[in-house]
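**Q** The task is simple: from the sequences and hints, build the whole structure.
One letter stands for each residue in the lines below.
2 protein chains.
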Amino acid sequence: MTGIRRLAQHLDISIGTVSRALNGRPDVNEETRKRVLEAAAELGYVPNQSGRSLRQGTTNIIGFMMQTGAEITGQGDTFFMSVFDGVQTVFARHHLDLVALLCSSQEDPDDYLRRVVARGFADGLILSATQRHDPRLEFLAKRKIPFATLGRSLTDVGQPWLDLDFEGMAQTSIDRLVAKGHRRIAVTRPHDDTNLGYLFVDQAAGALAAHGLSMDPDLVFRSTPNEAGGYQIARDLLSKQDRPTAIVLVNETNAIGFYRGMNEAGLQPGRDIAIIGRHSPQSHFLSPSLTGFSLSRRDLGIALAETLLATMPAFSHFYPNAELRKIWREELIEGESDAFTLPV
Amino acid sequence: MTGIRRLAQHLDISIGTVSRALNGRPDVNEETRKRVLEAAAELGYVPNQSGRSLRQGTTNIIGFMMQTGAEITGQGDTFFMSVFDGVQTVFARHHLDLVALLCSSQEDPDDYLRRVVARGFADGLILSATQRHDPRLEFLAKRKIPFATLGRSLTDVGQPWLDLDFEGMAQTSIDRLVAKGHRRIAVTRPHDDTNLGYLFVDQAAGALAAHGLSMDPDLVFRSTPNEAGGYQIARDLLSKQDRPTAIVLVNETNAIGFYRGMNEAGLQPGRDIAIIGRHSPQSHFLSPSLTGFSLSRRDLGIALAETLLATMPAFSHFYPNAELRKIWREELIEGESDAFTLPV
DNA sequence: TCGATCACCGTAAACGTTTACGGTACTATG
DNA sequence: CATAGTACCGTAAACGTTTACGGTGATCGA
Chain S
1 MTGIRRLAQH LDISIGTVSR ALNGRPDVNE ETRKRVLEAA AELGYVPNQS
51 GRSLRQGTTN IIGFMMQTGA EITGQGDTFF MSVFDGVQTV FARHHLDLVA
101 LLCSSQEDPD DYLRRVVARG FADGLILSAT QRHDPRLEFL AKRKIPFATL
151 GRSLTDVGQP WLDLDFEGMA QTSIDRLVAK GHRRIAVTRP HDDTNLGYLF
201 VDQAAGALAA HGLSMDPDLV FRSTPNEAGG YQIARDLLSK QDRPTAIVLV
251 NETNAIGFYR GMNEAGLQPG RDIAIIGRHS PQSHFLSPSL TGFSLSRRDL
301 GIALAETLLA TMPAFSHFYP NAELRKIWRE ELIEGESDAF TLPV
Chain L
1 MTGIRRLAQH LDISIGTVSR ALNGRPDVNE ETRKRVLEAA AELGYVPNQS
51 GRSLRQGTTN IIGFMMQTGA EITGQGDTFF MSVFDGVQTV FARHHLDLVA
101 LLCSSQEDPD DYLRRVVARG FADGLILSAT QRHDPRLEFL AKRKIPFATL
151 GRSLTDVGQP WLDLDFEGMA QTSIDRLVAK GHRRIAVTRP HDDTNLGYLF
201 VDQAAGALAA HGLSMDPDLV FRSTPNEAGG YQIARDLLSK QDRPTAIVLV
251 NETNAIGFYR GMNEAGLQPG RDIAIIGRHS PQSHFLSPSL TGFSLSRRDL
301 GIALAETLLA TMPAFSHFYP NAELRKIWRE ELIEGESDAF TLPV
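Line by line, the protein sequences give chains S and L.
Numbered according to this note's numbering, the first sequence spans residues 1 to 344.
Numbered according to this note's numbering, the second sequence spans residues 1 to 344.
Be aware that one or more of the hints could be misleading.
Subject to a maximum C-alpha distance of 20 Å in a straight line, what follows is the list of computed SDA-like cross-link-like pairs (lysine to any residue) [as the list claims (entries may be wrong)]:
1. L:K144 with L:T311
2. L:K326 with L:A310
3. S:K326 with S:A310
4. S:K34 with S:N23
5. S:K142 with L:G44
6. S:K144 with L:G3
7. S:K180 with S:L332
8. S:K144 with S:P313
9. L:K144 with S:K326
10. L:K142 with S:L43
11. L:K144 with S:N48
12. S:K142 with L:Y45
13. L:K142 with S:M215
14. L:K142 with S:V46
15. S:K142 with L:K326
16. S:K180 with S:I333
17. L:K142 with L:L154
18. S:K240 with S:E264
19. L:K144 with S:Y45
20. S:K240 with S:M215
21. S:K144 with L:D272
22. L:K144 with S:V46
23. S:K144 with L:K326
24. L:K144 with S:G3
25. L:K142 with L:R114
26. S:K144 with L:N48
27. L:K180 with L:D272
28. L:K240 with L:G212
29. S:K326 with S:E167
30. S:K144 with L:T2
31. L:K34 with L:G3
32. S:K144 with L:Y45
Stretch-level coverage of chain L by chain S, calculated; a stretch enters the list once three of its residues show a Cβ under 8 Å from a Cβ in chain S [said to hold, decoys possible]:
33. 195-203
34. 219-230
35. 257-266
Distance windows between CB atoms, simulated [stated by the list, open to error]:
36. S:E107 with L:L238: 38 to 48 Å
37. S:M1 with L:R55: 48 to 58 Å
38. S:G266 with L:L238: 22 to 32 Å
39. L:M1 with S:H317: 33 to 43 Å
Hints are computed from structural coordinates only; laboratory data are not their basis.
Positions of the beta carbon are idealized from the N, C-alpha and C atoms, including for glycine.
**A** Laid out in structure tokens, this is it:
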């Protein structure tokens, strides 16, 4: 005799009543419920999730999909971990089990997701690193699986998303650099098809145009979103004959490598080239200090979790007026890396 | 009509046979098996995991537990992600679902693990960040849940583990620094009760003694295992009146912050203080280049997965002679951070 | 007093598998 | 030909829940 049956026998009531008591159903005497709850605690009863899942067709699991692997590891740096931490705190409130689904770089993300879904692994999903055209979104929408994404995509299936304000960062950065007298300004974008690259570069081009400047295609650097990418950008940039005087680094970790590249060439950030980047836990240890955008990753995770729950029928009433799509603004922290002012 | 029943009806055979065919049982005609497999592919049949779990009492999931959160995020840097990637490739071979269980810093790891186990979440577990005395090990052993740990612990319940060669690193570092003429050598350890701190410091003390030197307790720095910790160490160290001439940094990310701390004080690594540390993806972008230990995190993950599987009855025959406990040596990459030689 | 309403509880089916057991037809063996 | 053995397959129980449905007393209103 095991599980709920044992509990029922111990209390000399039916398993149906026990189940109802435990699940907070209204049609059970409060006195009875109290006895059940006490007995459950005493006997250390924990409902078998397989049984529940089989019966209800629900797993009580939410999956947070991220990517890993040699080339990407730098990217993830700890960004997604921190966001995950925020997500976790929200889901814990609802007794949902949150797990991280790390898709190896060895595997195609679309295939990976298909496997996860086919297996009926999770009741809901959070996707990160969304691509400009992302088949995963259509796939999930077709399967009617609730999900939210961290990052916009052109593939819009009406899912909730949160994203960083890449347009705002581009605009602010360009305005700021132009005001300091810069005319040749380089920008960066991820090597892959992530949407933020387009958002960022397009907005930067627009901002330049508003100042009567134009974007030199030769000054748009594609790189892997990690330290090595930043280093590569520095190498590429410094090898150009007509070197730009400023650069905007879109990835949080690029600055580390970029600094290294400059140092090797005997150049100093903020003196020889102005840099505006984005902050990460590591970037606070750069010298000279980085001028860059910063945000609370954990708060972002909390908001992300809430947008997902707001679209899941079982939880939506907890978040009646959650913003389903939101641009998350970052704060500019002024450092020394863009300190110098050019003669106009 | 759904699931296996639908498949059986479509083929006009019994569900028992279908199940046997799919699960590779011997007592089924190969011709029949072929038909079943084809039909399964055609109809896109995927076995319901809840059903299997309920019947078999097994979940097909392996959990990799790590910790996250504000103070820890730096630690994790990307170390565990990369290890995870290695683990993943092994488990994929066995069609096991690997998920990351990220315990938030907000929550007690012991409680977290208890929840995971009570829920019957996984068939096996991998634990990282093991403590010197780690109740989790006894807990899992008592529940007879197969698990492996990344890191030794004094709490030995016979589980398989893999660990880095902290003794070797301490010995090599001290020998090397002493050979260069250093007499006052600082060492570091994590702020918490992680076992590696003891291994490392004790061995370093022994190595010093072998050279007729003794370890100054004032030169053992405790810090959080991240960039900020390294920075703090630099601040503490530089404020001492009788400053050491060399330091060994045990954490992979410490060097970043330590460099920053030295730079702020107008000092240069490898000239004013000799540094031996450990390498991470980020550390390759330090200037001057870091002398430190390096390893393949991915290979470590692969080995870790294999030790776990070797102890699980269902998979052990795949790994008949896996090393169940192994010290993983790292390679010393010589850089410029310990370049200078003191007058003897 | 009688029917209706209500609060609470028990019964049993259902979720989708796996697998022990037994049955059938065929082959080999004497 | 009888028997034993074998290869394959069908049947049905079991895993632990949830929940629709119906039943039992009690209360209440007329």
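**Q** All hints are to be evaluated individually against the structure, with a verdict given for each.
**A** Here's how the hints hold up against the structure:
{"no.": "1", "hint": "L:K144 with L:T311", "verdict": "11 Å, holds"}
{"no.": "2", "hint": "L:K326 with L:A310", "verdict": "13 Å, holds"}
{"no.": "3", "hint": "S:K326 with S:A310", "verdict": "13 Å, holds"}
{"no.": "4", "hint": "S:K34 with S:N23", "verdict": "12 Å, holds"}
{"no.": "5", "hint": "S:K142 with L:G44", "verdict": "16 Å, holds"}
{"no.": "6", "hint": "S:K144 with L:G3", "verdict": "19 Å, holds"}
{"no.": "7", "hint": "S:K180 with S:L332", "verdict": "16 Å, holds"}
{"no.": "8", "hint": "S:K144 with S:P313", "verdict": "12 Å, holds"}
{"no.": "9", "hint": "L:K144 with S:K326", "verdict": "46 Å, violated"}
{"no.": "10", "hint": "L:K142 with S:L43", "verdict": "17 Å, holds"}
{"no.": "11", "hint": "L:K144 with S:N48", "verdict": "18 Å, holds"}
{"no.": "12", "hint": "S:K142 with L:Y45", "verdict": "17 Å, holds"}
{"no.": "13", "hint": "L:K142 with S:M215", "verdict": "65 Å, violated"}
{"no.": "14", "hint": "L:K142 with S:V46", "verdict": "17 Å, holds"}
{"no.": "15", "hint": "S:K142 with L:K326", "verdict": "47 Å, violated"}
{"no.": "16", "hint": "S:K180 with S:I333", "verdict": "17 Å, holds"}
{"no.": "17", "hint": "L:K142 with L:L154", "verdict": "17 Å, holds"}
{"no.": "18", "hint": "S:K240 with S:E264", "verdict": "16 Å, holds"}
{"no.": "19", "hint": "L:K144 with S:Y45", "verdict": "18 Å, holds"}
{"no.": "20", "hint": "S:K240 with S:M215", "verdict": "16 Å, holds"}
{"no.": "21", "hint": "S:K144 with L:D272", "verdict": "62 Å, violated"}
{"no.": "22", "hint": "L:K144 with S:V46", "verdict": "18 Å, holds"}
{"no.": "23", "hint": "S:K144 with L:K326", "verdict": "46 Å, violated"}
{"no.": "24", "hint": "L:K144 with S:G3", "verdict": "19 Å, holds"}
{"no.": "25", "hint": "L:K142 with L:R114", "verdict": "12 Å, holds"}
{"no.": "26", "hint": "S:K144 with L:N48", "verdict": "18 Å, holds"}
{"no.": "27", "hint": "L:K180 with L:D272", "verdict": "14 Å, holds"}
{"no.": "28", "hint": "L:K240 with L:G212", "verdict": "23 Å, violated"}
{"no.": "29", "hint": "S:K326 with S:E167", "verdict": "13 Å, holds"}
{"no.": "30", "hint": "S:K144 with L:T2", "verdict": "18 Å, holds"}
{"no.": "31", "hint": "L:K34 with L:G3", "verdict": "18 Å, holds"}
{"no.": "32", "hint": "S:K144 with L:Y45", "verdict": "18 Å, holds"}
{"no.": "33", "hint": "195-203", "verdict": "violated (count 0)"}
{"no.": "34", "hint": "219-230", "verdict": "holds (count 4)"}
{"no.": "35", "hint": "257-266", "verdict": "holds (count 5)"}
{"no.": "36", "hint": "S:E107 with L:L238: 38 to 48 Å", "verdict": "47 Å, holds"}
{"no.": "37", "hint": "S:M1 with L:R55: 48 to 58 Å", "verdict": "18 Å, violated"}
{"no.": "38", "hint": "S:G266 with L:L238: 22 to 32 Å", "verdict": "26 Å, holds"}
{"no.": "39", "hint": "L:M1 with S:H317: 33 to 43 Å", "verdict": "35 Å, holds"}
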